[in-house]
Amino acid sequence: MPNPKRRHSKQRTAKRRSHDFLTATGLSVCPNCGEKKLPHRICKKCKVYGRSTYGEAKVAA
53 MPNPKRRHSK QRTAKRRSHD FLTATGLSVC PNCGEKKLPH RICKKCKVYG
103 RSTYGEAKVA A
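Numbers in our numbering are just positions in the sequence shown, counted from 1, shifted up by 52.
Just so you know, the hints here were simulated from the structure itself, not pulled from any lab data.
Accuracy of the hints is not assured; some may be wrong.
Stated by the list, open to error - Straight-line C-alpha distance at most 27 Å; calculated DSSO-like pairs for lysine-lysine:
#1 K67 with K57
#2 K99 with K89
#3 K88 with K99
Using the sequences and the accompanying hints, generate a full structural model.
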């Protein structure tokens, strides 16, 4: 089996692994209630997407 002749530097290892990180989720604000939500999805709080309402919104008692 071939083995490396020299050690890879920390910089070279970091360059190779530069894409192996988690990215933050891009959140948008619901124009109806102001809650943070995923873009192009129904708002979980008020059940509104665009001009349409889907189902009943949960009311805090």
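We went through each hint and held it up to the structure:
no.: 1; hint: K67 with K57; in the structure: holds (20 Å)
no.: 2; hint: K99 with K89; in the structure: holds (11 Å)
no.: 3; hint: K88 with K99; in the structure: holds (13 Å)
Checked against the numbered hints given earlier, this structure breaks none of them.
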